[in-house]
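Peer 1: Work out the full structure: start from the sequences and follow the hints.
Residue numbers (the working numbering), protein chains in the order written: chain A, 1 to 110; chain B, 1 to 111.
Just so you know, these hints were derived from the structure itself, not from any lab. Hints may contain errors.
Stated by the list, open to error - Straight line, CA to CA, 25 Å or less: simulated DMTMM-like cross-link-like pairs of lysine to aspartate or glutamate: (1) B:K57 x A:D26; (2) A:K36 x B:E52; (3) A:K56 x B:E99; (4) A:K70 x B:D26; (5) A:K67 x B:E59.
Quantities reported herein were computed from a predicted structural model and do not represent experimental measurements.
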Amino acid sequence: GEDVEQSLFLSVREGDSSVINCTYTDSSSTYLYWYKQEPGAGLQLLTYIFSNMDMKQDQRLTVLLNKKDKHLSLRIADTQTGDSAIYFCAELANAGKSTFGDGTTLTVKP
Amino acid sequence: NAGVTQTPKFRVLKTGQSMTLLCAQDMNHEYMYWYRQDPGMGLRLIHYSVGEGTTAKGEVPDGYNVSRLKKQNFLLGLESAAPSQTSVYFCASRLGVTEAFFGQGTRLTVV
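Peer 2: What follows is the structure, given as structure tokens:
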């Protein structure tokens, strides 16, 4: 989307860490999200972070938020082949509008 | 608990035809959204609604209309379909700031 940008592709080897980056423009964003989409399926929420937080960790997932630079990242530790999917960054603004990035296709090589 | 249900799942339209996509949710969610997903362009917000009787424009609203007459339903209409509207359409709903639940998508082809 126009307001949320991501790099389109990332390729890593199994067992390595993956870092997917996202930038957003809406300063009124209250919550930021990471979704995962597997082929032919809808989107599923992975994790989310409130805009007054810097970091959130959930098992293999670590989300970092730099509010000043409007930069969000998702780190996946010990990446597995089952993590291969498209990952979307999304924001929720005060008025309820929710926009998504273009998605980053993560390919995990054995 | 069906979650978010979209109908139909597939449709082929001729240019100029009209159709309505239905999104139904049974979770009593206030917010509902319609997105389109095109290769390399991610999800783009078409229209959204923050409650029954309300609608608002998203990033790409032209050529589409929506209605939210009942809280559980969000309808997306194409009055005169164009090939540029060939896409996969996703509906989503959420309760406040929590997770957005997505339907399985509607694959629309306009020939």
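Peer 1: All hints, please: hold or fail.
Peer 2: Hint check:
1. This hinted pair checks out: K57 of chain B and D26 of chain A have alpha carbons roughly 16 Å apart, not beyond 25 Å.
2. For a cut-off of 25 Å, the pair hint linking K36 of chain A to E52 of chain B is broken: about 29 Å separates their Cα positions.
3. Note on K56 of chain A and E99 of chain B: the hinted pairing holds, with a Cα-Cα distance of about 16 Å set against a maximum of 25 Å.
4. This hinted pair does not check out: K70 of chain A and D26 of chain B have alpha carbons roughly 35 Å apart, beyond 25 Å.
5. Under the criterion of a C-alpha separation no larger than 25 Å, the hint pairing K67 of chain A with E59 of chain B is consistent with the structure, at around 23 Å.
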